[in-house]
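In order, the protein sequences belong to chains P and U. One point on numbering: in this note's numbering, the residue at position 145 of the first sequence is 145, and numbering is uninterrupted. One point on numbering: in this note's numbering, the residue at position 124 of the second sequence is 124, and numbering is uninterrupted.
Since the hints were made in silico from the structure, they are not lab data. We put the CB at the ideal spot given by N, CA and C, even for glycine. Hints may be right or wrong, so weigh each one.
Below, computed lysine to any residue pairings styled on SDA-like, alpha-carbon distance capped at 20 angstroms [stated by the list, open to error]:
hint, chain 1, residue 1, chain 2, residue 2
1, U, 136, P, 24
2, P, 53, P, 41
3, U, 136, P, 77
4, U, 136, P, 53
5, U, 136, P, 41
6, U, 136, U, 115
Short, incomplete list of chain U residues facing chain P, as computed with Cβ under 7 angstroms [to be verified]:
hint, residue
7, 23
8, 79
9, 83
10, 84
11, 91
12, 106
13, 232
14, 233
15, 237
Residues from chain U that keep clear of chain P, each with C-beta distances beyond 10 angstroms, as calculated [to be verified]:
hint, residue
16, 63
17, 65
18, 82
19, 87
20, 92
21, 97
22, 118
23, 128
24, 154
25, 177
26, 231
27, 261
28, 273
29, 278
The lines below spell out each chain.
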Amino acid sequence: MPDVVALGWRQYRLERRMFWRNPSAAFFNFLLPLLFLAGGGAIFAGNQSALDKLVPSIAAMSIMATTFTALAYNIVFLRERGVLKRIRGTPLPTISYFGGVAANAFTNAAMQIVLVILAGRFLFGIGWPVHWLSLVVFVLAGAVCMAALGVAFAHAIPNFESTAAYVNAVFLPVVAISFYAFDSSSAPGFLKAIADALPLKPLIEGLSGAIVHGSGLGEHLDALAVIALWGIAGIFLAVRGFSWEGSRS
Amino acid sequence: MIGAVNGSPAIEVSGLYKRYGEYEAVRGIDIAVRRGEVFGLLGPNGAGKTTTVEILEGYRARTSGEVSVLGHDPARRSIELRRQIGIVLQSGGIYSHITPREALRHWAGFYPHPRAVEEVLALAGLEDQADVRSRKLSGGQLRRLDFGLALVGDPDLIFLDEPTTGFDPEARRAAWETVRSLRDLGKTIVLTTHYLDEAQALADRVAIMKDGRILAIGAPRELGVGAAHYRVAYRTPGGELVERQTDDPTALLHEITSEALARGEHLEELFVGRPSLEDVYLELTADA
């Protein structure tokens, strides 16, 4: 058992090192959500209620980008390049490998959340998070859920060249629907229903409660339940459909 | 127990079948690979070589048959077995953003008794590229890193799947030297290749596969000696190529040449030889 943990830690450290060495990954992980935040902040300057909605929305999107998007990309890339198959031939335990890979994504999600909260505090007139416990629970549940869905989704992507198309075909509509349904009380009912059933809007609500409105865990149990259900389905599909090999070999 | 395991073959396969739906990739093969030998699996593309090797490596489940690799069933994918084998895949990628030294150091951590990273860098001929990010390495250098990553755990058994495909002649010679040095270290090596000269140069024994079956198995030299040991060929004055096989070339040659002399003919392209591995291979793998 200690071996499994030690090897997972080694994998995590390697993943961190590789992350910082890949400038484009670092860019998409950190700069892009901050650019969204800056852009939204410029548009809604002076409109505090809009800013109050912007910050938790960007926070939730950041979690999705650093886990769902990043893992789908990585897994497809490593699978098609034959890296996964090579790792599978070594004594590295599967759980250590994926533990290291997931922990790497969670680290990026956590750093992203810290940046968004700092930006909210110092640039957008939002105070420090009110419910820290609720914040931690939602970030963790959201990250685990989105990471599992990312790994599961990688299975549906046939080759690396089409990864961007597949990922964006999910990421952009989900973000658009969820942001819209969260922001606008006049959104059509069917759109609200779709957004409520997807994991991103419940995550925005949970984070909004924890960061902005001070509504705690107890008031967002239904949101947490939706995230948990997606997470369980994601883990099931990620494990079940996992492919260590690309299509070309 | 240890003694018994060491005395047994490194790999034992009997009655191995692998089906993909209707398609039978491997159709009942038997192989025993001795410890310390270089065993070549030779055959055209689609013969079932890679499927067979990937079953031995634990990547694929077999449909039926018995398989034992170093005393383990590879389908169980035990960590114990994976600690003792090294695999050079046909197309195994590596992380773009780390160097050979870092990759070898990371891989060494998977194994209980790894070789020193410096030693592996030297063995793989990567001393000069040790600190270059792998995305900047050439194809040949990446292939040498493949070798290094397969060797860093100091495995007893090494699988090489088409290790020199796409190499220039010089790189092939270098790879062959590496394989020979591994054999000199007492490693058991299973090599798949579709290059005859590679099998002839490296393998102690060769199995020739086609359509999921083993057509012949033995030392390359013995395989060259079939039922008919010698081949005598010549062209008649009419231009017809005649080929005859015999166990006794002296008598046959005497018969042919004395008849020709009696008729006052001259035999063009007169040839006496033993069939090469290539002849055997071409004969066995030719489509009927």
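Outcome of the hint check:
1. 136/U / 24/P: Between residue 136/U and residue 24/P the Cα gap is close to 17 angstroms, so the pair holds against 20 angstroms.
2. 53/P / 41/P: Given pair residue 53/P, residue 41/P holds - Cα atoms ~11 angstroms apart, limit 20 angstroms.
3. 136/U / 77/P: holds, 18 angstroms
4. 136/U / 53/P: violated, 45 angstroms
5. 136/U / 41/P: Violated. Residue 136/U to residue 41/P sits at ~41 angstroms, over the 20 angstroms cutoff.
6. 136/U / 115/U: Judged against 20 angstroms, a Cα distance of about 25 angstroms means the pair is violated.
7. 23: violated, 17 angstroms
8. 79: holds, 5 angstroms
9. 83: The hint holds - residue 83/U has a Cβ within 7 angstroms of chain P, the shortest such distance being about 5 angstroms.
10. 84: Because about 9 angstroms separates residue 84/U from the closest Cβ in chain P, which is outside the 7 angstroms limit, the hint is violated.
11. 91: holds, 5 angstroms
12. 106: Where the cut-off is 7 angstroms and the nearest Cβ of chain P is about 5 angstroms from residue 106/U, the hint holds.
13. 232: violated, 45 angstroms
14. 233: The hint is violated - residue 233/U has no Cβ within 7 angstroms of chain P, the shortest such distance being about 42 angstroms.
15. 237: With Cβ-Cβ at 55 angstroms, over 7 angstroms, it is violated.
16. 63: Check passes; 19 angstroms lies beyond 10 angstroms.
17. 65: For residue 65/U, whose nearest Cβ neighbour in chain P is about 21 angstroms away, the distance exceeds 10 angstroms, so it holds.
18. 82: violated, 4 angstroms
19. 87: Nearest chain P Cβ is 4 angstroms from residue 87/U, so the label is violated.
20. 92: violated, 4 angstroms
21. 97: violated, 4 angstroms
22. 118: holds, 20 angstroms
23. 128: Non-interface label stands for residue 128/U: nearest chain P Cβ at 21 angstroms, farther than 10 angstroms.
24. 154: Holds, since 12 angstroms exceeds 10 angstroms.
25. 177: holds, 23 angstroms
26. 231: Since the minimum Cβ distance to chain P is about 40 angstroms, residue 231/U lies beyond 10 angstroms and the statement holds.
27. 261: Residue 261/U clear of chain P: closest Cβ-Cβ about 60 angstroms, beyond 10 angstroms.
28. 273: The claim holds: residue 273/U sits with its nearest Cβ about 40 angstroms from chain P, beyond 10 angstroms.
29. 278: Non-interface label on residue 278/U holds, nearest chain P Cβ at 28 angstroms vs cutoff 10 angstroms.
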